[in-house]
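So the protein lines, in turn, are chains D and F. Numbering-wise (the numbering used here), the first sequence opens with residue 1 and increments by one. Numbering-wise (the numbering used here), the second sequence opens with residue 1001 and increments by one.
Treat the hints as calculated values from the structure; they're not laboratory data.
To spell it out: a stretch of chain F is covered by chain D in this simulated footprint if at least three of its residues, at any positions, have a beta carbon under 8 Å from a beta carbon of chain D; those stretches are:
| no. | region |
| --- | --- |
| 1 | 1051-1065 |
| 2 | 1068-1078 |
| 3 | 1144-1151 |
| 4 | 1194-1203 |
With a straight-line Cα cutoff of 27 Å, these simulated DSS-like cross-link-like pairs (lysine-lysine) come out:
| no. | chain 1 | residue 1 | chain 2 | residue 2 |
| --- | --- | --- | --- | --- |
| 5 | F | 1230 | F | 1362 |
| 6 | D | 195 | F | 1008 |
| 7 | F | 1362 | F | 1381 |
| 8 | F | 1195 | D | 8 |
| 9 | F | 1133 | F | 1362 |
| 10 | D | 230 | D | 195 |
Negatives, chain D to chain F, calculated, CB over 10 Å:
| no. | residue |
| --- | --- |
| 11 | 227 |
| 12 | 235 |
| 13 | 289 |
| 14 | 305 |
| 15 | 313 |
| 16 | 349 |
Just so you know, these numbers come straight off a predicted model, no measurement behind them. Don't be surprised by glycine CBs; every beta carbon is placed ideally from N, CA and C.
Protein chains: 2
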Amino acid sequence: MPTTPATKPRVIIVGSGFGGLFAAQALDGTDVDITLIGRTTHHLFQPLLYQVATGILSPGEIAPSTREVLARQHNVEVILGDVTHIDVEHRTVLANTLEVEHRYAYDYLIVAAGAGQSYFGHDEFAQHAPGMKSIDDALELRGRIYGAFELAEVAGAQGDQEDLERLTTFVVVGAGPTGVEMAGQLVDLSARTLKGDFRHIDPTAARVILLDAGDAVLTSFDPHLQRKTKEQLEELGVDVRLGAMVVDVNAQGLEYLDGDKQRHRIEAVTKVWAAGVSASPLGADLAEQVGLEVDRTGRVPVQADLTLPGHPEIFVVGDMIALDDLPGVAQVAIQTSRFAAEQIEREIEGKTREPAFDYFDKGNMATISRFRGIAEIGPVKVTGFPAWFMWLVVHLFYLVGFKSRVSTLLHWTITFLGRDRAERVITEQQVFARLAMQESGEQILDRAAGEVAPRSGASPEQTQG
Amino acid sequence: MPTTPATKPRVIIVGSGFGGLFAAQALDGTDVDITLIGRTTHHLFQPLLYQVATGILSPGEIAPSTREVLARQHNVEVILGDVTHIDVEHRTVLANTLEVEHRYAYDYLIVAAGAGQSYFGHDEFAQHAPGMKSIDDALELRGRIYGAFELAEVAGAQGDQEDLERLTTFVVVGAGPTGVEMAGQLVDLSARTLKGDFRHIDPTAARVILLDAGDAVLTSFDPHLQRKTKEQLEELGVDVRLGAMVVDVNAQGLEYLDGDKQRHRIEAVTKVWAAGVSASPLGADLAEQVGLEVDRTGRVPVQADLTLPGHPEIFVVGDMIALDDLPGVAQVAIQTSRFAAEQIEREIEGKTREPAFDYFDKGNMATISRFRGIAEIGPVKVTGFPAWFMWLVVHLFYLVGFKSRVSTLLHWTITFLGRDRAERVITEQQVFARLAMQESGEQILDRAAGEVAPRSGASPEQTQG
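Use the sequences and the hints to build the structure in full.
And the structure:
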């Protein structure tokens, strides 16, 4: 008879994204004690974040409570905490919960802390051009986007064409999947959802500009699909500008250098930053302790089995690793975390570990707008409606696992068939009014100030102050 | 042939709540130019706000865009602005949009600016005990409620019973309909939704305390229903304390005087303020200009036809008026605003105005928890499931007007039949972590700090700092 060990092996998982959640689930039934430490209380289904930012879905529909998802898995506990340091030598993790640091000891560690937005050394751009990485980002952008149209209505009532244009010009920086989806959604929002909602402006005349420093959109896809996507975006009315390197962003607009190093300025109150990611700083923290160097985007050059040299107990997965040119996509996070979990399970069961992670490329897809998408599965390339439909099925299928499926499906159906969006709330917490507008807003509206003419020409009186 | 006037009469409506929205809709088809000025971009269906605060519904489901609701009514424009002053003599309204003031001229004015939370001169309570008046309030409370359980899990892991109790004690101040609903929902949340989600605490052991300075709950209802409600709340496990006057609120708890002026302290991190309202300060602004005085809660003693003396062009409606003991409920706002709109229409059509507003009491209802409610329609009193079902039908019927019905119905069905809640997201913008906890949190967690023991007894190492 085997003897029961005094304590079970302790597995700590850092992060509640795809990597963290799938690692925990892969260890269901394994004789370990798992502590999943997450910085948020929810698991974020990031591929649909742009739908929250544009008012289609509510946060709850794409961000189920991590605790709830794992409630029935009895070998895991979920702790709210921001992991600030991993002590490789002492095998402990330091996590911050409400400014108080706690230390957690592990026997095995799976680091799945993901990646954040990168402004390439220009973090000051962030306040003017929010990223697209968290629910907070998405709600902030939602407030700014719908808020810009509200202010445009005021500018429109003044007949101030310059302000109106600045308020109804939307710039998306970065033409990866998120940037492409945002650009497509912004066109759909202005051309379809808001049509008829305003009296002084024509939302269908809003401009959407998509900038990328590279020479193609969706560079991770096949060149044929890249061209198709660019064509489809331009058909929709998106102004796609490639070879455009953003060099300055402020409240009223941004500036970029084109391929010939010519400087251009775009006047636009609402900017979205979807360019560049940078791996969690925990990557550098780990690398330093084991004598490695992270790459330009902070990723750790893990060994073929996803561990660190000399530390078979530490696995790094997902967006945090630099291995075989693996892309920063959900599938990589899922497969690497499952691989890590399997090795832990094998070792506990006395089996030999597998020497190397092997990525199975299930294909790649992106959606451009309602009914338009692209997909590549091995040699097969799909575009247009079939690709969009595949995208829908795959994403719905995923969400099914998290119980939000019925109402989410309904929101989608309503949105795709009708013109309405269910989630248009701007909260006062969202600082669109204060932050995005602070500089530009006062200048814009100072000039415009004073009078908002009722439509039928009745003349308003002078403003105070 | 009648001659067309050069400009149409200009009607300004202040507020996008029940009063403002129904006034605008009642003027559909009337030959006027309406400007609805709202401080938010949404119409808030306030009776369901507590469902957002407790994670059942998303903001979009109870707060449709005002602009979208009125999109097809061509004689109305919607302007985002906070009305700060009404100039009765010059017939203009001053509204603030992003720190810039604009003046709008009117021929008729309907003031439907509603009421805010009142802390009875203790505004410093607000940061520790948010009110229940806006979407922001509800999201803030949602973050604090779910956040308290997250922190309790950390305290539970420490075995710190005192902190755990403080974090799982919820106090609702004010036993009107909102307070009763919140208390019922908090019990349901802890006893049903969160059951099984935690490892170190038992959420079903959470305490919910309902305080009111009066000697009954739901004082606007029949005494029999008051007693029934109190009984049902106590059956659910709510600790109802009447004659309890709150005298101090801080981050860690609150203090109250009982009927015998004895001071009591409750240790509770999460407090909800549902006691007392105070009418919009625009009421006092108006009253002063026409030689009236507002009452204790800031309400304007309007004339029988809802106008101000000497100013037949100014109507004040809804929660802002002191007339015939009318309660501050949606039906009063709806009926008074419709009456005001009708009088404007009659005058424009050359008919005589009606001399006095007459309230038609359709009855009163409240919900206590899932499947329990109370209702009174004239002499008929209903309790329990039938009352709850009536409440559900009435509220659904109302929401039908705003297109959120299908997904809302689904969320409700899922929530009432199952144990899950779809909207549990805590955003970083929500300051539960910083504000509610700032003082108490550090103290609580400082003591608790250091170690969070993995469940199976493996001992963690000492904390840094």
